[in-house]
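Asks: Protein sequences, first through last, are from chains D and A. All the letters of the first sequence, read from the start, carry residue numbers 436 to 652 under our numbering. All the letters of the second sequence, read from the start, carry residue numbers 43 to 125 under our numbering.
None of these hints come from the bench; they were simulated from the model. Everything hinted at is true.
The calculated label-pair distances, taken between Cβ atoms and stated as ranges, are:
1) A:E120 to D:P443: 15 to 23 Å
2) D:P473 to A:A125: 45 to 53 Å
3) A:E84 to D:P473: 23 to 31 Å
We treat Cβ as the ideally placed atom computed from N, Cα and C, and that holds for glycine.
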Amino acid sequence: MRVKLEQPVLQGNDAAARANRERFERHRLPVLNLISSPGAGKTTFLERWLAQTELRVGVIEGDLATSLDAERIAACGAQVVQINTHGACHLDATMVARALDHLDLDRLDCLVIENVGNLVCPAAFDLGESLRITLLSPTEGEDKPAKYPPSFRRADAVLLTKIDLLPYLGCDLDRLTGSIQALNPDVPILYVSAQTGEGMAEWSEWLRQRLSGGGST
Amino acid sequence: MHEVGIAQELCLAVEAAAAEHGLGRIDLIQLIIGHERLVCPEALQFAFDLLKPRPLMQEARLQIQGRPGYDLLIDQIEGEPCA
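Produce the entire structure from the sequences given, and follow the hints as far as they go.
Replies: Written out as structure tokens, the structure is:
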């Protein structure tokens, strides 16, 4: 007996993501999904941003184990929930839905989901986010976008982190940005340093404009 | 390895479809996977074989058709009706 289905494999996750998206819209809450490899600087970037933003930002932290990142974010005074996947290499929409029950969404202006450090799997799973932000450090090499296309092809913005290290690296910035634009020609690329604060004002302004429906660069 | 996450979702989706259509045994699952998904067919089969619910999918095998794009679809399933 044959049954024609023609349905998405990830329909379960997609349905949970839709429910998350509707919940966020009810609360008028923009949501960012931060994707990067381990060590690209997601948490440190968040710490810097939380220290200077006037937005009430909540964070969902995703890691295989430990609450180290949630503790760092809590020390910044932000609402935070830690998800430990105990082996899963990405967050999915159902995990996020459970975490939302531990946050007071009405007291937030923005929610950030810091995904598990991984440039492969998180790109495949819609969490219900408004914007998908991919972070990449020049220390990782100019070839990484070409080697990990899904994380860059579907990004709404790319943050190049740790730019204070550029003078000490042999990184060809033109090649790096070119490889990103080959996958995603119009994606905004923002340069930031959590150490020095360079680029953080530009990030805040870009986000403000994007969330108010303004320009994307 | 995102094939494990995909295989988990695949098992849930096929289980639900089997229940909806009265199938008691699944023999074949035909998938359409866009090349942009970067799914390794062998890894997906491996993950599926580890995770598939038994006895419903004990004998089930995957047949993957690749094509350009980002699709990740269950095209068709074959099996036997419930007794």
